[in-house]
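The listed protein sequences correspond, in order, to chains A and B.
So the number in the working numbering is just where the residue sits in the first sequence, counting from 1, plus 1458.
So the number in the working numbering is just where the residue sits in the second sequence, counting from 1, plus 182.
What the hints contain is simulated information worked out from the structure, not anything from laboratory work.
On a predicted model such as this, the values are computed, not experimentally measured, just so you know.
Idealized CB from N, CA, C, for every residue including glycine.
Possibly wrong hints are sitting among the right ones.
What the hints assert, rightly or not - In silico negatives: residues of chain B with every beta carbon more than 10 Å from chain A:
hint : residue
1    : W191
2    : R198
3    : M230
4    : G256
5    : A261
6    : Y279
7    : T289
8    : S290
9    : G292
10   : L293
11   : R295
12   : I296
13   : A306
14   : P313
Said to hold, decoys possible - Lysine-lysine pairs mimicking DSSO-like chemistry, simulated, CA-CA at most 30 Å apart:
hint : chain 1 : residue 1 : chain 2 : residue 2
15   : B       : K184      : B       : K265
16   : A       : K1513     : B       : K265
17   : B       : K265      : A       : K1568
18   : A       : K1568     : B       : K184
19   : B       : K197      : A       : K1568
To be verified - Here are some chain A residues the structure puts well away from chain B; computed CB gaps all over 12 Å:
hint : residue
20   : V1482
21   : S1483
22   : D1491
23   : R1502
24   : A1505
25   : A1507
26   : R1512
27   : K1513
28   : L1516
29   : Q1530
30   : D1554
31   : V1559
32   : L1561
33   : K1568
34   : I1573
Listed below are the residues making up each chain.
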Amino acid sequence: MSASLRPVLETLTRQRGVRASLIVSESDGLVIDSSLRFGQDGERVAALAASVYRKARLSAKAARLGAVTFLQLDAERGRICVAGAGNDLVIVTVADVAANVGLIRMELFKALELIA
Amino acid sequence: MKIAAVEPWVEAPLKRYVDDARARLALLLHPNGQVLAQAGFTREVDVMTACALASAIHATAGELGRQVEGRAFGGLHYAGPEKQMYLAPLQTSRGAYICFTVFDDETSLGLIRIYFEELGRDLAAAALEAPPVSASVLAGGFEAELNRNLSALFRPRDRWEGRGGSQ
């Protein structure tokens, strides 16, 4: 499984400003595969991002807003983007502030189609 | 949330672990099954029985690990339909301990593992600063020691702290 997921992640990580991309199990927060640049703590990012995504999904469901398609978290020195495939897999990217979120979002959706 | 500890130096790290990881329950025990501290919704289990069973599981898993790959297995995770458990050892300058954690879908195994690592670091640091132990837990006065521990752990309401107030 990892062999087929790796190109998906590498394509994402090649985007300008992307520091890391990970495929994570939403329910248990564990990394399935990752492509990390130096200095990223993949396990920690995966567990916390999956937890945030899960809570966002449950909040949207409680508010009867339907499925969450894309989650973006902006922080002082970067941003985290998460998209879910609806099969317990979520793709997490960690990017610089200056990264092109539109491009990342598009690549995330392409990647989701490949892992769905 | 209820928290009680036989030795005060474990209390703060264990409370932080349960709070941060959003665990329902954490029991810290000696590998022989003697409970050292409890935190969380401890009324959900019979603490003494849970400690005895956790100790036995840890010993069994350790021996299985030694049989299979020449060394004891580390953490053990079991996922039930609603609740999950994570059982793993911790090493401090005061010796080895086992932490038995019960959690539900408020959190995840990934988060539990992350905060468990922090618990290990916090306990190791706290162990260095804590006053020395007066006697071995298995010394001749074992029964008196056991009774002292039980009364410390199960003393009435004065050690209860508020988190949701559901206990």
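(request) Of all the hints given earlier, name the ones this structure violates by number, lowest first. (result) Numbers 5, 7, 8, 9, 10, 11, 12, 17, 18, 19, 20, 21, 23, 24, 25, 26, 27, 28 - these are the hints that the structure violates, sorted from lowest upward.
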